[in-house]
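Novice: Please work from the sequences and hints to get the whole structure.
Protein sequence lines, in the order shown, are assigned to chains A and B.
Numbering of the first sequence is given in the working numbering, commencing with residue 1 and proceeding in unit increments.
Numbering of the second sequence is given in the working numbering, commencing with residue 1 and proceeding in unit increments.
These are calculated hints, taken from the structure and not from any lab test.
None of the hints are false.
Only pairs whose alpha carbons sit at most 27 Å apart, straight line, appear in this in silico BS3-like list of lysine-lysine:
#1 B:K218 - A:K31
#2 B:K152 - A:K303
#3 B:K35 - A:K116
#4 B:K31 - A:K152
#5 B:K4 - B:K303
#6 B:K303 - B:K34
#7 B:K34 - A:K73
#8 B:K293 - A:K303
#9 A:K34 - B:K116
#10 B:K303 - A:K152
#11 B:K31 - A:K31
#12 B:K34 - A:K152
#13 B:K152 - A:K35
#14 A:K293 - B:K293
#15 B:K293 - A:K35
#16 A:K293 - B:K303
#17 A:K218 - B:K31
#18 B:K35 - A:K293
#19 B:K34 - B:K56
#20 B:K34 - A:K293
#21 B:K73 - A:K31
#22 B:K34 - A:K116
#23 B:K152 - A:K293
#24 B:K31 - A:K86
#25 A:K31 - B:K293
#26 B:K31 - A:K116
#27 B:K86 - B:K218
#28 A:K34 - B:K73
#29 A:K152 - B:K35
#30 A:K185 - B:K293
Sample of chain B residues lacking proximity to chain A, with all beta carbon distances greater than 12 Å (derived):
#31 K56
#32 Q61
#33 D62
#34 D83
#35 R94
#36 A190
#37 T220
#38 D234
Idealized CB from N, CA, C, for every residue including glycine.
Protein chains: 2
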Amino acid sequence: MSTKVALLGFGTVGKGTYNALTTNAAEIERKTGKKVEVKKILEINPKVIESGYAPKELFTQDFDAILADPEIKIVAEIIGGMDLAKEFILRALRAGKHVVTPNKAVVAANFDLLHKAAAENGVQIRYEASVGGAIPVIETIRKSLVANRITKVEGIVNGTTNYILTKMEEDNISYADALKQAQAKGFAEADPTADVEGIDSANKLSILIAECFGVYIKPTDLDRTGISKLTRDDLRLAVQNGCKLKLLASAERLEDGTINAFVKPTQVPMESPLSTVRNEFNAIYLHCNMADKILLTGRGAGKDPTGSAMAADIVDLA
Amino acid sequence: MSTKVALLGFGTVGKGTYNALTTNAAEIERKTGKKVEVKKILEINPKVIESGYAPKELFTQDFDAILADPEIKIVAEIIGGMDLAKEFILRALRAGKHVVTPNKAVVAANFDLLHKAAAENGVQIRYEASVGGAIPVIETIRKSLVANRITKVEGIVNGTTNYILTKMEEDNISYADALKQAQAKGFAEADPTADVEGIDSANKLSILIAECFGVYIKPTDLDRTGISKLTRDDLRLAVQNGCKLKLLASAERLEDGTINAFVKPTQVPMESPLSTVRNEFNAIYLHCNMADKILLTGRGAGKDPTGSAMAADIVDLA
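Specialist: Written out as structure tokens, the structure is:
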């Protein structure tokens, strides 16, 4: 008996999720004894449907039929965006389906609402892929560090900005030129606002704060400064100070319980392993009262890395 | 209702496990809704019993009573050594208790035997703490990378030797002097053979191979070279080649399914993040077909870091 999954959307991460579940089906079965099968893919773009990436008979345009299918236990929301994604997640939860999503914007903006809807319907909402892509940060916080008081979480959680800052410093080029390179490589979008202004990092930091400290702070309530006004001189000055300039997302839980959090360009000392994280890579540094410091590094975005994290949540729910 | 646990032995890791479960009981309950309680501690040393680290009434010298207690569902083996530890683990499994252990030597030497005994008795044997201390490597391989084919695992999995090599290179001192420093700091034992000859690393590599590739290779069958014959010149030569000399534990699964594995001093290029792991820290680098490369870094030994990993397994079993 296999567990049946529906994918909502078949863009980059949809394909990555499908790829991870199908290409590595034998690995999944060896490690867990479980089979996971994509039963339906909600997608309206005929080009995508005809692309041959997945069998044509899997595709549907009927979301209600997915919700009404008692065999489908898990729904992966991968359409992106805000309002429709939120609506699809809520409808799936209310139909008694577990939901897995990489959508940091929707999760961060609606953290309590989504968890409440999941709890009320006896299902789970999971979002390992929403922070750090392939990096197992949520699993590590929840499971491996369960017997720890996490005192601080710091991260480079946006690959676009880390790529731009790395290029500005190493190649001594301007912000505008580095952004163009990032766009040419597919690391930055045509409208880079959400990345370069730190909005994406703030969404991820909001989720990390909730997971580490059990406190929800809306991403729009977080102190946030982006990288769009940085110059080569700022990067050079950091190096002169024995540091690297990084867009850091940081949250510390003080002794009195208050949380000191920000997203901003920060001079990270060379002694900190975060200073060594280059290009599009992400890293999350967890400070704990038992485990001491744990650093997790890997790819924070991309089709297969994000698909890997989506598939991990899906298999765990199965 | 709380889940009851027995600790076998109350040395360094025993105290760390107790500390993680008691100091962070509120964190554990917040994250999981579960209570875990140490009901008994098997310990014969009166000094330890009288030390005040744990209430005296928890201590017992009666292992049979622990096995016969239906309330105790989980047994943590922390006595160390080989034969007695193995016997205790097997007796606990056969009594229907889950077993958690940091004992890499026993797990690596008896991998199939212990897993068979666990399966036959409908319980689990868990050993997150046996590789990389606080680093969540087993959890990451089993859960977060479940939908990946892992192609290669490389690690610095012995803090003693990494400390010695770091000191030899950075302070330009001999192997003998660096070993003395490590012993003075408590990073090396009076008889350092198991660490410096790579035996400890081979035990951990055997476990990593089994977890990553599903193949058990006895640690004594692994190619193994230690660090005791290295000189300052070897360290210097590595730096001249743009590398750092590290005691690497490495295993690669080739296309034809064969596994190429070794423990040996290796020139690690500066571009590899493993080259930046200094002093007593450990790191494990996983190469995967979906997640790409994941690097996990942290403390590979010590009372509280190892206790953190023991407690994670215990809470997960609860």
